[in-house]
Amino acid sequence: MRQRPTDVFAGGGAVGRDLSAVEWDKTPLGEPAGWPQSLRTAVSILLSSRFPMWMAWGPELTFFCNAAYRRDTLGSKYPWALGRPAREVWAEIWSDIGPRIGTVLSTGEATWDEGLLLLLERSGYTEETYHTFSYSPLRDDDGALVGMLCVVSEETERVIGARRMSTLRDLGSDPSAIRTEHEMLTFAGAQLSRNRRDLPFSLIYLFEGDGVRLAGSTGIAATHPATDPSRWPAEGLVTLQDDDLPTGDWPDPPTQALRVPLLQQGGSPYGFMICGLNRYRALDDNYRGFLELAARHVASGVASARSNEAQRRRAEELAELDRAKTAFFSNISHEFRTPLTLIMGPLEELRSRLADPELDVIHRNGLRLGKLVNALLDFSRIEAGRMQARYEPVDLAATTSELASVFRSAIERAGLGFQVDCPPLREDVYVDRGMWEKVVLNLLSNALKFTFDGRVRVGVREEGDHAVVRVTDTGIGVPEQEMPRLFERFHRIENARSRSNEGSGIGLALVRELVELHGGTIDAESAVGAGTTFTIRLPFGSGHLPAGAFAEAGGEAMASSTADPYVAEALRWLPGEPQPQPPSGDAPKSYVLVADDNADMRDYLTRMLRSAGYRAEAVADGRSALEAARAGNPELIVSDVMMPGMDGLELVAALRADSRTASTPVLFLSARAGQEASIEGLEAGADDYLVKPFSSAELLARVRANVELARMRGHHTRWRTALVDSLQEAFFVCDEDGAVIEINSTFTDVLGFGPEGLPYPAAHPWWPGDAEGHQQVADAFAGLMEQTRGSYTIPVQHRDGHRLWVAAAFNQVDDLDTGRRVAVGTFRDVTAEHYAVQRESALAALSVLLSQAESLTDAMQSVLQVLREQWRATRVYAAVFDDTGSPALTTTEPAVAWDDLSEARRGTIRALRDKPLLTPAAEQTGGAGVTLEHPDGTMGLWIELAENRPFTEQDQTLLALLAGHIGQGLHRVHQLDQQRETALELQRAILGPAQLPPGFAVRYAPATRPLKVGGDWYDTVTLADGRIGIVVGDCVGHGLQAATVMGQLRSACRALLLQNTDPAQTLTALDRFAAQLPGAMCATVFCGVLDPATGELAYSSAGHPPAVVTHPDGATDLLDQGRSRPLGVRADSARPEARYVVPPRATLLLYTDGLVERRRQPLTTGIDKVAAVIQQGRATGLEDLATGVMADMAPETGFDDDVALLLYRHPGPLEIDFPAEAGRLSPVRSALRTWLARCGIDTTTTQNVLVAVGEACANAIEHGHRFQADGLIRLRAAATADHLQLTVTDGGRWKTPDPAANQHRGRGLALMRALMTEVTVSTGAAGTVVGLQARIRG
Amino acid sequence: MSTDLTFTTTRDPDGSLVVGAAGEIDMSNAAEFAAALEDARRQGDAFVLDLTRVEYLDSAGLAALFPHVDHVHLVAGPLLGPLLTIAGLADVTTIRTE
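As given, the protein sequences belong to chains A and B, one line each in that order. FYI, the numbering for the first sequence is 1 to 1338, going by the working numbering. FYI, the numbering for the second sequence is 1 to 98, going by the working numbering.
It cannot be assumed that every hint is accurate.
Residues from chain A that face chain B, not an exhaustive set, calculated with beta carbons under 10 angstroms [said to hold, decoys possible]:
# : residue
1 : 1103
2 : 1222
3 : 1226
4 : 1250
5 : 1308
6 : 1311
7 : 1315
8 : 1317
Keep in mind that the hints were calculated from the coordinates and are not lab data. For every residue, glycine included, the Cβ atom is placed at its ideal position computed from N, Cα and C.
Isolated chain B (complex conformation) (with noise of 0.2 angstroms):
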């Protein structure tokens, strides 16, 4: 049994892939986000991934989205903001605070 973990794919008002991912992601379903990650870059060269309805990451999912980190914007809430940053992905995040 893996964690819940369910994914959408939208367009944003400028045409540009996102990838919603909502639940938790560790190493029981981290091949199932790796397979998403890689379904979108099948779909164009970047990609944002929302994270705001993820609840819960560690290093299993941060090492799927390690080999597209050249390719996607992420955007996370405030409870992923320091976990990202300490995994030097800042510079690819906005974090949204609501």
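Excised from the complex, chain A in its bound form (with noise of 0.2 angstroms):
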């Protein structure tokens, strides 16, 4: 019999025998026979609370705790403290804690505080913890206030595990920003700096040549003693008995620090960062976690700083490239001026001399050639900052009008008015003279180019401290697209009418730098159709101009040798400008083509022409005289009949067939006389036919009639040449079996192929010689030969081999000639456009797909695929060179190892580690590669072409570019992995590890794109009773804000859960919470309490999703109930609470809105859909079940918003350890009968289970523990919808079942087997398994 006093203790397990045996008539209680009533209900309730709690009563507030309490804060203070005043269990904190219970003692009001640091002497350590707690009275039985109770939650991992996350959200902030090493370190650094309770110091060592540089430190001085690299010789932990370091934010130093590496991707490290550790906490996973996250962000600065450098120093070499560019562009034009010089000056001694027009079209020419050189040698001087301009004072209105003048007559002669309006301004303007001339005479020219009606205007003005100069005019206007790139260099309006097409594209971006040379603006208004203003604004004085650059007014005349050429050329643009005509005023000489074999025929012939004033050739045969007919394009062909190869009548067949020459008149001279001759001759198409001897009259007469003749018939002709060969476009004309007949200059121009070629067959030898290039222009030209009209672009080859795509464009016709049909077709040279947008897509589609990628892996399979696509390769292959063994490969075939390409392969892509970074690499045939930095090393690409396919200089480009952008999206992949997993290291951190208890699973995932961590919890909370309060929560927003009020909304909710054991009550105390935490208004929580044994469930809702039960037999339940407003916002009455009967073996699914809620879908959709899961999964284990409805809630790229999800299944699974004695099996069917009662099972099955279990339990008996004879022997039941799953396990060996020597116990697995739907018996090294299920009759 045991005392009844001590019956107090009864329930108390250890901690009840440990406060039995106190001394208690030492206390100022007494012995506990003689405790009041209120004080052994407080015990009790202590000792049966699951939760940590402590009490104090009396006078000297005698200290009582239960198990928690002993487990996770008193520590090795047990069994000590027990009976012992609290001020003494407590005296390290008593400062604290002391006031606080005085104030609970005093007023009899409760306290309440969140995240307390205290330093606790629990662990053998002084250690930092954190804990919430709240004290409240306890009242004896006559109601005065004698004690305290203290329930407490400790936070320790949560409040560290937030101020780690901050420290590295924090390192981790800004990612993208360029930064030197200097400024990242710094950066770093300030962040480190921040959380010194981690971190007391650190200082960040990096490695130079063989040497090792301290880079930068946090919390200690950089002059220190202990900064020197060689007291941190090795990675890992350092004891440290300096007495003089930094404390960081605690009393004392640290005693211990670790030297963590700065590890490079693929290298060896950058360096290593010191970490003065926290004394007060021990050096466990999270903690070296935490320091080790902290130790890659810096690391990963270091290498985009490095990154970042190497890339503005390869910026550095372009731009001095481009520098020795403009010197040697700047050479070379002065070099120009000398030989122009050399022409220049004799051609004017020349003009003196002779009147020939030849020589004013070199004259023109020169003058417009020296024009050019001297912009260029401007350019590279202004360039080169060597442009020397001499400002003199000068009367700014009486110059420009006076240059203006120069352009009078042209502008007039073009038709247009010309207006100059220049009053005299107030005073000189500093101007270079020579300059100011250029900058006048250029808009003057480029106004008189672009303005075909109205007028030129000329202003000079004063508008406050400037000079305004305008020259305006109404012409054809500058598209609203085009300003902005007005004033660009080399920058020409495309297809803008103007009077030449003449022009380099840099006269009005050399005004500008003229202009600017001189202080002053330049503004450009314009409207198309309307015309352009130019506007000038110089300041007056010469302040703004620098000093030394001053000349004397000198005042002279303009030298026109500046206005010549422009004018000279403005003139040529002009209609009516004289054509340099031969000084005879004769008509041009016509061409006439001699073929004869007979050389002194062709020596008679040509003389007696020419000196009839043609321009006579002769050739000696039918075949020559075609090609030259064909090239010169004669008035008139004069041909012998008889020659050898080709003779007349062949040469009169041949030219008929060509357009070009089909109406060049012949004449034939022939030996033979009589009719029949001179019919063939004209049949065959020639035009006349003269019998030699003849005479010279006779002949020339002849010629003339035939000149004339055709001239008149050609008119038409020519003009339709000429037409064709001022199109811009290339054109050309197939005849009906696809050969080119005819091309203009511009064909020849774009493609290298010239008219003596002609005609062309069908396949051109512009067709490209690659089978797929060839393919597409197959399939353009069987459309050109069976449709009336279309357009395609193609890839074509130019006559020396580069390719060139084109963009055509055709039409059928019927030739009004010779009644055949033929196709005519322009096109132009596209290639440029051609490669840019094929540049642009794609980039773009790379960029789509890295920035969708998910992984590093993802990344690397659509690179590869894109990369395929773009140059249409057999394979792709990417190689990681990271120092270990074989480079890691991805190929765009699935399952392709490194050691399964072929030796020439491997060789090809070990190459290219060596080649320098982004340089395209090309084979002759077969393929290109190029290397680029993977974030694991370097990496070299393969792309394996397809055979003959060339890879052009622009693919070599587009390769650069994108291995460019590939580098740099792997990068930026990388890092978002990184931060993923900062991001679930964080996750567990804060959620803990939370301890189920059984029949519940959980999961938490963070929102996927951008990857957040959120607000969302779960919770189960074993309150006293033996019920568990369940809550699954969700605060608003996402990040380290909603991560810290959900972590203090989870304690509050727990800490009310066991003070009220009911859901709306907690709920509605919650209310008052939320109010005053910033953050967690409007937060939704469902807070449930389930009674694990029954399945009753009384629960309520602040604005949450409602939960959902499926039924063993798929039936689905609302808990929809109970419901009322989110958190914190006002409701008028108390909050409801519903109830309800969870059945056996039925689901219950709480979540949060992530799981369910989808764009544009209504959240019942949700809904449905995850209680359809839950109702298929059903018969499945709860954590597969758990694991499986996360994956098929999950849309396709991850969830949008964080999710928390909290499953039960009733009842919970029994779990039963009991030694191996027969004596136990009663109970353990005891309690297995009572469970399966909860379960819903009949009797039939439930007695089934009772003997398969039974025998079960006594084979482990009889044999598992043969030889051990402490063994304990493990009974797990579990039940789905459909099934129960029994297990028993021991710590033994079974035999194979012998009849003979046992003969019962092989009748019990025989028992088993008969009465189980399945049984299996597994025997290992630990023990023997035996798996039971049956089937649960529906």
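Combine both chains into one complex, guided by the hints.
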């Protein structure tokens, strides 16, 4: 018999026993027998609770605690502390908690402390801990305040987790900003120094050459002796003995430091980081993980800073190259001037003696070339900063008006009005005369070039401190979209109507540079069709100009040498300009081609024709005549009929077959007389016939008649030819066989094939050599032959072999002359556009894929696909060399390993490794490769091309460009990977390792894109009466803020549930808490209290989506009662509470809206879907079901919002451990029977299960522990909707049943098999597991 | 400690021996059960074993029963019926349902 008084400790287990051992008579409370009922009640509540609690009672506040408190908080002070005055027990923190207890005892009001820092001595060292606790008053039987009860929840993990998370987040807060290494280290240092609890001090060292350099420090002076790198020889822990080390945020300095490497992907570390350790925390996995993540941030910062530095250097090299180019340009322009001078000088002299229009042509073009060279020279001078201006005070109005007058005649000849309005200005303007002339002349020549009607106007005005010069025209104007580039060098507005197509596109750019050299500005205003005004503003005075660049006022008249080339050029644009004429005024000489095999005859004919004023050429046979006719287009061919090779008749036939020569008249000369011969000649197509011998007068008469006739006839043909040749687009005519029979000069310019090669039969020589390009052209060509009109863009090959893209259009027409059907087409060179479009679309595709990639592996796959499609490659390889054995290979085909490649291919790819980055290397045939930086090391990319597919220079440019983007993209994806890892690490720290009661499964997933932790949580709390509080909640927002609020709400909700054990009251109390906690308003919470024995569930919902219950038969209930508003939103009435009984083997699902909410879908759709998923999985184990729900509900791109999920299946599994003694069988059976009843199992099945389990247990007792007296047997039973799963586990080894030796044991196994649906026995070194499965009858 | 099991011995109106068992029979008390059966055999060649108040019987109990199978008639409730059938004792068993 036990003594009555200690019954008060009966439910307290080990703590109860130790409490009864206290010598109570030596405390102010006396023997327990004499304790008041109130104290006894308080003690039994305390002892029965599984939540950490301690209490103090009586005048000395005598200390009591329960097992949970002992485990979590008291540590090594147990059992010493029991029965002692609280002041002694908590001496080290009495200054913190004493006043709080005093307040409780004096006012009778409870206190609430959230996350209070307490340094506890419970684990053998002073430990940093955080507790949330509330002290509530205890009263004796008379209602007097005599003690207090403290409910504690330890939050050390959460608080420290949040703190570390904040540091890591700050470290990674701006990964995209480009920083130098120094800036990056300063930034990282600033972030690290904000957490002096986890990092009392830190030192960052970088390896440089053979040495080590201190690159940054926090919390410690850089001059401190501890910064000497030789103090930290190796990775890992270092014990510190210095007493002058900084202490961080703590009273005492660290006693240990950790050396963490700053790892480089695919390389040796950048350096290392020394972290002074918080002496108040043990270096556990979390702490170490935090330090490693912090070091990883620093290392990745160093990596990107260094890569930025490398890129900046590359850019500088390019700039240097550009400067060199400018210098070269400048020199070469200068070199032009000497020969030009030597041409122009003698030419002037010649012109003064000879009035020859050819000299005028040379002169005009010499001037033009000189002007161009001067403009280029000016540019390179400006670019090199060597433009030497000599500013002198100038009467700007007079000078400008004088310059303008030079253009008057040209403008008036163009039929335009010319207004010069230059009233005198109040003072001179400082300008360089030569430059100013160029400014005005350029603007005027520009105005004339683009103005066809109206006028040109030059005006000079004073406006404030500026002289303003305006040149206005009424020309074609500039389209709005072109305005921003108007002053850009070499920029020409395409397709603008102008008087001349000449121009280099540097005039306006030069004007702007020159005006800016004067400290002035130039603007343009323009409207299409209305005209353009250029406005120049020059400041008065000289203060804005560099000192020492002034000249005396010269006042000399302007040098017309500057103006001459401008005017001369402008005049050539005008139609009224007299064409250079032969001095005699005769018509241009007609070209007559003579073909005769007799040299004397040739000489005679040519001499005679020349003396008659014809231009005569002679050839010796028909073939040469045909070539000459095609190339020179003679007005008449005089041909012998009899010639070697091709005779006259064949010549005529060939001429008539070619559209260009079809109409060229032919006069036959023949020695054969007679009617038939002449008819034969005329039938062949000759125009006239002359029989040798003939008189010179007769020949000349026939020649003249034929030439004149041909001229009249050929007038429209020539007109057409001129028209065709003047086309800006290439022009061609195809006959019905597809042969190209006519082309224009642009055709030759674009493709390099001239008229001398006509006709060009299909397949034409410009078809590409590679199979794919050839096919594209062949397809287009087929269309040309079959359809009446069409257009296409195709690749072609220039005569010199380079690849072009042309956009062509064609039309079929009837040739009126021949009645045949021909195709007439035009095309233009779109190579640049084609490649630009190709580049843009490839880049766009690549960017999209890289931004969607979930992981580095994903990204690599996408990248290779893009490259393959871009080049229609047979295969694309990517090998990453990370210095460890074989490179990591990715290809466009699955499951190809490095060793599967041919030795040759391995060699090509391996060679890429040592190539300079981003510099493509192409093989003559077969493929091309490029080298770039992968986060894990150098990456070689090889594109294997189809046979003969060329890899052009354009392709190489594109590959380099794509490779650059790929490198950056992979780096970005890699950073995302790291961030994801970090976020998940943190989430684990915050949600903590929840000890779930049996029967529960939980999941949490952060939002995927962008990856964000959030404010969702789940929680279970085992209450004092054995019921279980279940909570799922969702705070507004994302990120650290929401996570912090979540942590606090979660703790508060826990504490309130323990106090109230009532969901509605808990939520009501939580409302008050939420009202005071910023960010907690509008959080939604589902709070329930479940009786695991009966399935009774009381619940209340604060604006949360309804829980879902799925019955074993698949029916679904929504727990949508007990609903009210979200937290902190004022409600007029108390929160409602609803009740529900979870049926046996039903599954209860609680979740946050992220699981079911989808854009453009009502919430009910998602709820229906998740209900269906649970319904289908109701026969699945709970953990598998939880995993399945998360997978099935996740959108393809991952969850948009974070998700918390809690599943419970009623009843929870049964777990019993019992000693291997036969006497334990009966109580085990009794527990199993109760559990089966909770599962709603019928009596027959129950009996079957009892017997089968009984047999398995009996076997375990007999065999499993024969040699192990104190072994335990474990019975575990779990239910799904339609099955029971039972396992009996022991620590021993069964023998194969031997009925002879042990008859009834063998029968036992047979019984199990007979009674159960499935029986498995597996024996291993650790023991035997019997698995039993029974189907539940529906 | 062994599982609760009690026996009663009576004679039915026709004078045959009836052994009534009540409780649960497992390996912890199978020896007691065997002894009770041996005892009944000593009192007569055949007897009736009334198992209607036995809530649990496993192979240890069956093992004690088999040596007497030719001399015993079993009476059992629906709870033990299936087990006795599986054990091949249906021919000597009356299942009483009420």
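Status of the hints after comparison with the structure:
| no. | hint | result |
| --- | --- | --- |
| 1 | 1103 | violated (51 angstroms) |
| 2 | 1222 | holds (4 angstroms) |
| 3 | 1226 | holds (4 angstroms) |
| 4 | 1250 | holds (6 angstroms) |
| 5 | 1308 | holds (4 angstroms) |
| 6 | 1311 | holds (6 angstroms) |
| 7 | 1315 | holds (7 angstroms) |
| 8 | 1317 | violated (14 angstroms) |
Violated hints, listed in ascending order, are 1 and 8; each of the other numbered hints is respected by the structure.
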